[in-house]
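Student: In order, the protein sequence lines correspond to chains B, Y, A, P and G. Take the position in the first sequence, starting the count at 1, then add 1063; the result is the number in our numbering. Take the position in the second sequence, starting the count at 1, then add 1063; the result is the number in our numbering. Take the position in the third sequence, starting the count at 1, then add 1063; the result is the number in our numbering. Take the position in the fourth sequence, starting the count at 1, then add 1063; the result is the number in our numbering. Take the position in the fifth sequence, starting the count at 1, then add 1063; the result is the number in our numbering.
Some clues are possibly wrong.
Using 20 angstroms as the maximum straight-line C-alpha spacing, the simulated DMTMM-like pairs for lysine to aspartate or glutamate come out as follows [as the list claims (entries may be wrong)]: (1) 1360(P) to 1363(A); (2) 1171(Y) to 1340(B); (3) 1322(A) to 1142(A); (4) 1360(A) to 1363(Y); (5) 1360(Y) to 1304(A); (6) 1322(P) to 1174(P); (7) 1322(Y) to 1337(A); (8) 1232(P) to 1351(G); (9) 1237(B) to 1144(B); (10) 1322(G) to 1176(B); (11) 1232(G) to 1313(B); (12) 1360(P) to 1130(G); (13) 1322(Y) to 1313(A); (14) 1237(P) to 1106(P); (15) 1171(B) to 1320(G); (16) 1322(G) to 1313(B); (17) 1171(P) to 1313(A); (18) 1322(G) to 1174(B); (19) 1237(G) to 1143(G); (20) 1360(G) to 1130(B); (21) 1360(P) to 1271(P); (22) 1232(P) to 1144(G); (23) 1171(Y) to 1363(Y); (24) 1360(P) to 1143(G); (25) 1322(B) to 1313(Y); (26) 1232(B) to 1312(Y); (27) 1171(Y) to 1253(B); (28) 1360(A) to 1351(Y); (29) 1232(A) to 1106(P); (30) 1322(P) to 1143(G); (31) 1171(A) to 1320(Y); (32) 1171(P) to 1337(A); (33) 1226(P) to 1125(P).
Simulated from the structure, these hints should not be mistaken for laboratory data. If you're wondering where the values come from, they're calculated on a predicted model, not measured in any experiment.
Here is what each chain is made of, one letter per residue.
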Amino acid sequence: MTNPLSDPLQQGYVDYFYDQAGSSPGTLTIDEDASPTRIVVIDYNPHQARRIIVEQPEESADYLTTETVSWIDVQGLGDEDILRRLGQTFDLHPLVLEDVVNVPQRQKVEDFDDQLLIIARMVLPHPEGVGFVSEQVSFILHQQALLTIQEEPFHDSFGPVRKRIRLQKGLMRKMGADFLTYALLDAIIDGFFPVLELYGERLETLEDEILDNPTRETLNQVHSLKRELMNLRRLSWSQRDALSALLREDSPLISQEVKVYLRDCYDHSIQILDMVETYRDFAASLMDVYLSSVSNKMNEVMKVLTVISTIFIPLTFISGLYGMNFNPQVSPFNMPELSWYWGYPAVIATMLLISGSLSYLFWRRGWFSKVSP
Amino acid sequence: MTNPLSDPLQQGYVDYFYDQAGSSPGTLTIDEDASPTRIVVIDYNPHQARRIIVEQPEESADYLTTETVSWIDVQGLGDEDILRRLGQTFDLHPLVLEDVVNVPQRQKVEDFDDQLLIIARMVLPHPEGVGFVSEQVSFILHQQALLTIQEEPFHDSFGPVRKRIRLQKGLMRKMGADFLTYALLDAIIDGFFPVLELYGERLETLEDEILDNPTRETLNQVHSLKRELMNLRRLSWSQRDALSALLREDSPLISQEVKVYLRDCYDHSIQILDMVETYRDFAASLMDVYLSSVSNKMNEVMKVLTVISTIFIPLTFISGLYGMNFNPQVSPFNMPELSWYWGYPAVIATMLLISGSLSYLFWRRGWFSKVSP
Amino acid sequence: MTNPLSDPLQQGYVDYFYDQAGSSPGTLTIDEDASPTRIVVIDYNPHQARRIIVEQPEESADYLTTETVSWIDVQGLGDEDILRRLGQTFDLHPLVLEDVVNVPQRQKVEDFDDQLLIIARMVLPHPEGVGFVSEQVSFILHQQALLTIQEEPFHDSFGPVRKRIRLQKGLMRKMGADFLTYALLDAIIDGFFPVLELYGERLETLEDEILDNPTRETLNQVHSLKRELMNLRRLSWSQRDALSALLREDSPLISQEVKVYLRDCYDHSIQILDMVETYRDFAASLMDVYLSSVSNKMNEVMKVLTVISTIFIPLTFISGLYGMNFNPQVSPFNMPELSWYWGYPAVIATMLLISGSLSYLFWRRGWFSKVSP
Amino acid sequence: MTNPLSDPLQQGYVDYFYDQAGSSPGTLTIDEDASPTRIVVIDYNPHQARRIIVEQPEESADYLTTETVSWIDVQGLGDEDILRRLGQTFDLHPLVLEDVVNVPQRQKVEDFDDQLLIIARMVLPHPEGVGFVSEQVSFILHQQALLTIQEEPFHDSFGPVRKRIRLQKGLMRKMGADFLTYALLDAIIDGFFPVLELYGERLETLEDEILDNPTRETLNQVHSLKRELMNLRRLSWSQRDALSALLREDSPLISQEVKVYLRDCYDHSIQILDMVETYRDFAASLMDVYLSSVSNKMNEVMKVLTVISTIFIPLTFISGLYGMNFNPQVSPFNMPELSWYWGYPAVIATMLLISGSLSYLFWRRGWFSKVSP
Amino acid sequence: MTNPLSDPLQQGYVDYFYDQAGSSPGTLTIDEDASPTRIVVIDYNPHQARRIIVEQPEESADYLTTETVSWIDVQGLGDEDILRRLGQTFDLHPLVLEDVVNVPQRQKVEDFDDQLLIIARMVLPHPEGVGFVSEQVSFILHQQALLTIQEEPFHDSFGPVRKRIRLQKGLMRKMGADFLTYALLDAIIDGFFPVLELYGERLETLEDEILDNPTRETLNQVHSLKRELMNLRRLSWSQRDALSALLREDSPLISQEVKVYLRDCYDHSIQILDMVETYRDFAASLMDVYLSSVSNKMNEVMKVLTVISTIFIPLTFISGLYGMNFNPQVSPFNMPELSWYWGYPAVIATMLLISGSLSYLFWRRGWFSKVSP
């Protein structure tokens, strides 16, 4: 499993995680490049909020039963031992632990009565500016606690949520763990939009290029864009599917009040899908326009060749004609023109007439109109 | 968020509103170019109708509880303070206020027991003549009052509805706020048709151009048309989805009587979708025809080149042949033709024969038929 | 609203009727070209059948309550006054009257408890032979009476039904108004088949043309065909939707016995859809073949040019070579060939060898095989 | 209605049967080319089996009420009188008789309480080897008897079923008329596979041809193949729909035990659909490859022309240069090269240099690699 | 039925098994190339595990009723006698035996109350490195025993499962036959991923080739790839359908606990489908890029031809002009240039000027930019 952040070209091809065929369910596969695991707990109630770095996974168990809402945020999938102990501490189903650790998985929602598993995917613009990177975030929702497991510790879109907890902004501190889940999911969904905006800009740039002066490089770029949009589309569809399943899910862990918020989140996921689909259509249309442009260009090249050839070929023939060495002394029929007084001027005049007529014909047919650059 | 009216080129790319990732639900984002907010109340019962400009949002609260039907029309999204106070006055859910203010949103229907939120999108032909502009209109339906929030105060399609209220025309004044909602939604839906008619005309013009004399400019226009239709299609689909949800919604705020009218409205939204889809197919077919035309044209250019080249190349060769300087005095085999009595006429005759035969061959193959302009 | 019969070119573009945005429901829009309105009543029971021309719409009210089955056939939409009075006489919902008069509307079925509205569309081969014309027929079914409103009085597909009533043929006279509705709908559905047959024939002709000798005109015809099929497809889909809704409808106005017949009608509407979809696929495939043919033709043109050019260009070069004026007296290296005894025959032989070899090469590559017309 | 067996070209275009618009339900349309009608009864119980040729349709009524299972097989649709009397004998609904006689109809299932109508379509490889022919087979299932009506008497796929009855092979003789229906339907479904196998072989042949040496004939063949597959696909879809309806049907005429067998039959119909869809994708992909091949070929033709032209054009120019007749005696600048001692060899050397360099350039660019046949 | 392993080219075309039309249900068709049949029983409980090679099918019956879990693994379909006796021993429905033996069948699930039939398909990378081979595996689940029938004995993906049973790893030995079924199905599903990874790599290689230097061979490879992906897609769809049916199935043979595991398996089958669909889109996009590349290349060839021809044709004409043999002594108008002092230099200068101007024009138009290799 390569780190998608370090290898942007990898984006183009799907790389779902897969088990060794026939391996036992619950087998954890630790990527050797994976970041070391870190556990950060944020514990809050309407009156206060604390942030604790937890060293041993077992310590986090305390937060499960408190009255306060606890967000246990595990970052990095590099430490199998900690992850296993975490699984035991939180009493996770072996399959849950597998889905959480063996990234990437398809987004989904699974209900285990007293726990709700949500696999989501955070999308971020690629740090080097082209395309996007994505990172799996798994949510395991308990009654009063939320366990999240992130693939990477380096960056996430959750900063503003943390700030809202710290600053007691909005409803955040007054609501339960389900609202926290919503807030984080919403941050993930909203994170798709800047990525889409970048694609919108790239499409616009490419469109200008294609209409103005398409080159082979343009083609390659449209192709990459299409490839990336295909992947983004896949992500968006499964995102939407997972959110739809979450709304249909009748888990007691999610209150009716929060469902209203989740519906809003779901609406945004459909917006994203709408946009991705529309972008894909745009990209396909650009490809068509590119093809037409190439044909158009070839057409113009051909016109130049045809105009020049067609005008000069008869002239060259005529000049060749009078370059023949027939002996005029043998016969009065042997090229007497060569000895006429007005011979040369007459030939030149004929040539001008021919080239003029042909030029006029081509001009009438509009072949000159597009010949200018 | 740019004003879609001031930037027609912006139309081509989707620009849904999106929150800063992780921001609190209910955050209002006021676009600095947004028009100042104005509140116009139209209050009527079967016997009379009044139009009041309300300065402070709190004043409009009075109209919620009266026996009369009240239409509180908020125009322009520029004043955060007024919008916030409006939200408090009408007891709006924070998400509702967010959806209403942070435009554009996808069309949708949401039921909040004593309120019904409908997000719609008004479509108008672009004032400069090409394409369309669109504007979000949000409906919040109460028992006896309708709150509408329009993105722009400058123009809407609601003039005839206002007139019908003023003139006591039709059922308008006899029915409740749900009928008013229908009347306005119907005006929005009917507003799609003139836009579509413009597209129909553009398609027809482009078709004529493509069949007659396609240029590169034509290609660009077909491409823009396709792009705009893709956007219009997206709007139409979500429109239809929202209306379908409204029909399925079992809200007590909408009477059975009005549902019959809404079903008619829904039928029209399907008509619109039908037309947009058919137009999209037409546009795709035009692209194909364009491509074929370009190939056809290249074919004709090639034919001209081939006919001219093929006829003259052998002639030029022959003339070149007799332009060689072999010394006839050295050998009887060295171009004795040059000294024949009928040498030159014979060569000319041969040339005429060759060019005649080739022309006949090309004519038989039909290569001249399409060479004329 | 142009009369679709008088303007065949209009067919290509969708022209649904649309209200002035914001107009009151029930507004009737009378097209000034519309035909004058005529009312024909056919009243029958198992024992007898009468045909009455009714002058005043109010007179037709009598037929609503009789024991006999009455078919009140209104032809032509030119007379607003008559249509309005008809609406009052039959107690039509304002929306029904609007849908009936403001043509064209999408096909649909609407249940008003004691009335059932069916909007259908009759399709006829175009009188001038290419394409089709269509005309809205609205059915308003009462317990013992059927009110139909046709857009045009000039022609319809109902002749055989009238004959069956007159001649007491089949079940016609023994059954109620619901069977009459079925019989008329069935006539409308069956009217699609001759239109489709014409398209089948056009497809076959175009296919022959494309495989034999495609011209630009062929392309235009394929394009028109595709455009017309797109429209026909839209009609067929909404036809099917309307019939499916009719079958699901639980109206007491339609007996179980007649439902069996309607199911047959529905099956035929699916057959029509099948055929239209298959024709559309055929037309799309023809477009592909056309494009390939154009490429093929260009290929052949190119081959002719290449064969001729490639054979003669080296020969011309050689002849040019020996046309150079180097002075043989200055140096023994200056073109001594020109003074050789076998010089000229050797050059001719070389030329024959070159052209022979090249011809052989081209023949081996199969470039001559397709050069023949 | 043409006999699809006698007119293989007819296959390409859909020819559903259609009534004269407005004709009475139950109108039988006898095609004058239709084969004479023949009735064969096979009557069996676990102990014995008889085969009787029945002359008068009324005689077959006896078999309806016997304890034995009776298969009344009507072959050929040429005799209206017999068919009508058959309808009366078996108490068929007029629409049933119409569907059975007026072929072709879409495959379907219709439940008439004490009778079950199944319209199926038998598919056979075309006797002349290319494509397929199809024939309608209608099943009318009674409690202890099965009435089948075949379009053609000449051949069917039922031979093995008859043999199984005769030889008391398998379950055949122990089960009821519903099992017989299954056995015949299964024979029909299994009859699709040899047809598909032929298409698989044709696809393979065409693929080889396209990759090796595509000609215009290849294109025509791919096109026909696509057209035939479109028709086959239509048949397969409606087959699947009919079988799915049969499985959902809750008729007492079909026992649970036989439903297991029918489910197997349904699975096979989905297999067929899978294969047809995959073949269609293959054919579409072949079309793409064909187009690319044509472009590739043109590319190679162009390369030959360009290489030859580009190498010889400069040489011809040079030889033309030294063919000019400037008078060297007038001026020392007038083509003194012509009188140099090494003039001619220098020019030849220059020419060799130019053509060598250009050839090298073209070789480096890989233009020679594909020029070989 | 050819052995798909021995004939890799066969992969491209669907080869479902089909009965001789009309054959009795339950007819077994033994392929003469099929491997001999071998029966291996693995019998285990939490405390121990045994592996027994069974000679006579009847012996395996003992394992049906033991308390232990028994996995009866039948490998190879070559021995009709053994297979028939197996069917009797396990009391298999004739259709089950037919589906199991007459490979290949579509994947499916069928519930026979006390038995559950699952037809699955194992996919393996092709041993020779390109493409994949597949093999049918049928599961017949009893209360405490699982009968599996594999097409081939040579290799399967079940090694790790056997090892887990032997080593008492994970839950394996503690759970029932349903968990064993899950474990084997999971091994089959996980076996798709390495195959997909190979396709991902091939796509990447082809993409590089197409963007760098597409040849005709590249086209053929993209085509094969598409064809194989079409087949893989068909397999994946029916896999997903079968697993979805398995989850919906309410069989008492599968415990709720195992259903959780099967849901995970189902999720993976959707991942596979996602990937196959995305790969198919990639392959289609590659085809487009290929076509564009071919056009681009032709464009460049044309540019070379046009640049060279257009520059030299006028020069050649001029040189031809002064090669005419007009007699300067007859008239002062007859080519006096030939005798000018600066004649030749002037002509050379003109030629340089013309070629310079044309080169500049072409350079400005960017025709040189892409001419370099």
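Student: Check the hint pairing residue 1322(Y) with residue 1313(A) against an upper bound of 20 angstroms on the C-alpha distance.
Tutor: Satisfied, since the Cα-Cα distance of roughly 19 angstroms is no more than 20 angstroms.
Student: Can the restraint linking residue 1360(G) and residue 1130(B) be considered satisfied, given a maximum Cα separation of 20 angstroms?
Tutor: It is violated: about 71 angstroms lies between the C-alpha atoms, which goes past 20 angstroms.
Student: Check the hint pairing residue 1171(B) with residue 1320(G) against an upper bound of 20 angstroms on the C-alpha distance.
Tutor: holds, 19 angstroms
Student: Is the straight-line distance between the alpha-carbon of residue 1232(P) and that of residue 1144(G) 20 angstroms or less?
Tutor: holds, 19 angstroms
Student: Hint check: residue 1322(P) vs residue 1174(P), CA-CA at most 20 angstroms. Holds or violated?
Tutor: The given pair, whose Cα atoms are some 16 angstroms apart, holds under the 20 angstroms limit.
Student: Between residue 1360(P) and residue 1130(G), does the CA-CA distance stay at or below 20 angstroms?
Tutor: violated, 71 angstroms
Student: Is residue 1322(B) within 20 angstroms of residue 1313(Y), Cα to Cα?
Tutor: holds, 19 angstroms
Student: Taken at face value, is the distance from the CA of residue 1313(A) to the CA of residue 1171(P) at most 20 angstroms?
Tutor: Judged against 20 angstroms, a Cα distance of about 23 angstroms means the pair is violated.
Student: Holds or violated: residue 1360(P) and residue 1363(A), Cα atoms, limit 20 angstroms.
Tutor: holds, 10 angstroms
Student: Verify the proposed pairing of residue 1171(A) with residue 1320(Y), using a straight-line Cα cut of 20 angstroms.
Tutor: holds, 19 angstroms
Student: Given the hint that residue 1232(A) pairs with residue 1106(P), test it: the Cα-Cα distance must not exceed 20 angstroms.
Tutor: At roughly 39 angstroms apart (the allowed maximum being 20 angstroms), residue 1106(P) and residue 1232(A) break the hint.
Student: Given the hint that residue 1232(G) pairs with residue 1313(B), test it: the Cα-Cα distance must not exceed 20 angstroms.
Tutor: violated, 35 angstroms
Hints 3, 5, 7, 8, 9, 11, 12, 17, 19, 20, 23, 24, 26, 29, 30, 33 from the list above are not met by this structure, while the remaining hints are.
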